[in-house]
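The whole structure should be built from the sequences, with the hints applied where relevant.
Chains as they are written, first to last, in the numbering used here: chain V, 1 to 121; chain D, 1001 to 1107.
In case anyone wonders, no lab produced these hints; they're calculated from the structure. Please read these numbers as outputs of a predicted model, since none were measured by experiment. Be a bit skeptical, because a hint or two may be false.
Just a sample of chain V residues kept apart from chain D, beta carbon distances all over 12 angstroms, derived [claimed, not checked]:
1) GLN3
2) GLU16
3) SER19
4) GLN79
5) THR85
6) VAL87
7) THR88
8) ALA89
9) GLY114
10) VAL119
11) SER121
27 angstroms max Cα-Cα, derived BS3-like pairs, lysine-lysine [said to hold, decoys possible]:
12) LYS83/V / LYS13/V
13) LYS1107/D / LYS45/V
14) LYS1107/D / LYS1042/D
15) LYS45/V / LYS13/V
16) LYS1107/D / LYS1045/D
17) LYS1045/D / LYS45/V
18) LYS66/V / LYS13/V
19) LYS83/V / LYS1045/D
20) LYS45/V / LYS1039/D
21) LYS45/V / LYS83/V
22) LYS77/V / LYS1045/D
23) LYS66/V / LYS83/V
24) LYS45/V / LYS1042/D
25) LYS1042/D / LYS83/V
26) LYS66/V / LYS77/V
27) LYS1039/D / LYS1107/D
28) LYS1107/D / LYS77/V
29) LYS45/V / LYS77/V
Listed below are several chain V residues computed to face chain D (Cβ distance under 10 angstroms; list not exhaustive) [as the list claims (entries may be wrong)]:
30) ILE29
31) SER32
32) TYR55
33) ARG68
34) ARG103
35) ASP105
36) GLY112
Just so it is clear, CB atoms sit at the ideal spot from N, CA and C, and this is done for glycine as well.
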Amino acid sequence: QLQLQESGPGLVKPSETLSLTCTVSGDSISGSSYHWGWIRQPPGKRLEWIGSIYYSGNTYYNPSLKSRVTISVDTSKNQFSLKVTSVTAADTAVYYCAVTYSRSDWYFDLWGRGTLVTVSS
Amino acid sequence: DIQLTQSPSFLSASIGDRVTITCRASQGISSYLAWYQHKPGKAPKLLISAASTLQSGVPSRFSGSGSGTEFTLTISSLQPEDFATYYCQQLNSSPPTFGQGTGLEIK
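See the structure below:
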């Protein structure tokens, strides 16, 4: 049974870089032709897709965040990661990792429980 | 980006009620719509894909319909475990976007 678990600092200072990791269990990232992605939800706002990475390394980003976001995969640890640079209070959100089984349809088939990241000095 | 508007934003209902949530898209998205259920502290769960395809393990009291710009999620007979927030999501064009959510609470 595939499971996803987010981890990382709960507090990040303004202008610094937010870094989160999603640990995948129950399947191998390198052995599966899935997209691995990140979605966030700021307090009181709707869910926002940040971006996804294909198992081969191809990345897809939301244009609204593309200049500040990097998603990468570490197959040796069976993890994928998110970095958001130059954060502000607007980046305060619950961050979810998710997997898309389809090669072409952007459904988010399975999610982690999410982790709250607060941007504050 | 395609905007999705759900109605109502909040819904109060009783066990056994039939409830319907609507999702309207700012432009046509064919049947490229999903519905998710989210309970506090838990991972969001994919309920329906392609507007009307029930995911494996999802109770048959859930159903989805619609195409183009208007979609509905119906729960035929509310059960205690159905009280949650429901989101629609379009995948017709990138970036995928979500509705604002509908909170379903016990009356």
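Okay, the hints, checked on the actual structure:
{"no.": "1", "hint": "GLN3", "verdict": "9 angstroms, violated"}
{"no.": "2", "hint": "GLU16", "verdict": "25 angstroms, holds"}
{"no.": "3", "hint": "SER19", "verdict": "21 angstroms, holds"}
{"no.": "4", "hint": "GLN79", "verdict": "17 angstroms, holds"}
{"no.": "5", "hint": "THR85", "verdict": "19 angstroms, holds"}
{"no.": "6", "hint": "VAL87", "verdict": "20 angstroms, holds"}
{"no.": "7", "hint": "THR88", "verdict": "20 angstroms, holds"}
{"no.": "8", "hint": "ALA89", "verdict": "21 angstroms, holds"}
{"no.": "9", "hint": "GLY114", "verdict": "7 angstroms, violated"}
{"no.": "10", "hint": "VAL119", "verdict": "22 angstroms, holds"}
{"no.": "11", "hint": "SER121", "verdict": "28 angstroms, holds"}
{"no.": "12", "hint": "LYS83/V / LYS13/V", "verdict": "14 angstroms, holds"}
{"no.": "13", "hint": "LYS1107/D / LYS45/V", "verdict": "25 angstroms, holds"}
{"no.": "14", "hint": "LYS1107/D / LYS1042/D", "verdict": "22 angstroms, holds"}
{"no.": "15", "hint": "LYS45/V / LYS13/V", "verdict": "21 angstroms, holds"}
{"no.": "16", "hint": "LYS1107/D / LYS1045/D", "verdict": "23 angstroms, holds"}
{"no.": "17", "hint": "LYS1045/D / LYS45/V", "verdict": "19 angstroms, holds"}
{"no.": "18", "hint": "LYS66/V / LYS13/V", "verdict": "20 angstroms, holds"}
{"no.": "19", "hint": "LYS83/V / LYS1045/D", "verdict": "25 angstroms, holds"}
{"no.": "20", "hint": "LYS45/V / LYS1039/D", "verdict": "16 angstroms, holds"}
{"no.": "21", "hint": "LYS45/V / LYS83/V", "verdict": "21 angstroms, holds"}
{"no.": "22", "hint": "LYS77/V / LYS1045/D", "verdict": "25 angstroms, holds"}
{"no.": "23", "hint": "LYS66/V / LYS83/V", "verdict": "11 angstroms, holds"}
{"no.": "24", "hint": "LYS45/V / LYS1042/D", "verdict": "18 angstroms, holds"}
{"no.": "25", "hint": "LYS1042/D / LYS83/V", "verdict": "23 angstroms, holds"}
{"no.": "26", "hint": "LYS66/V / LYS77/V", "verdict": "25 angstroms, holds"}
{"no.": "27", "hint": "LYS1039/D / LYS1107/D", "verdict": "17 angstroms, holds"}
{"no.": "28", "hint": "LYS1107/D / LYS77/V", "verdict": "47 angstroms, violated"}
{"no.": "29", "hint": "LYS45/V / LYS77/V", "verdict": "33 angstroms, violated"}
{"no.": "30", "hint": "ILE29", "verdict": "18 angstroms, violated"}
{"no.": "31", "hint": "SER32", "verdict": "17 angstroms, violated"}
{"no.": "32", "hint": "TYR55", "verdict": "19 angstroms, violated"}
{"no.": "33", "hint": "ARG68", "verdict": "15 angstroms, violated"}
{"no.": "34", "hint": "ARG103", "verdict": "13 angstroms, violated"}
{"no.": "35", "hint": "ASP105", "verdict": "6 angstroms, holds"}
{"no.": "36", "hint": "GLY112", "verdict": "6 angstroms, holds"}
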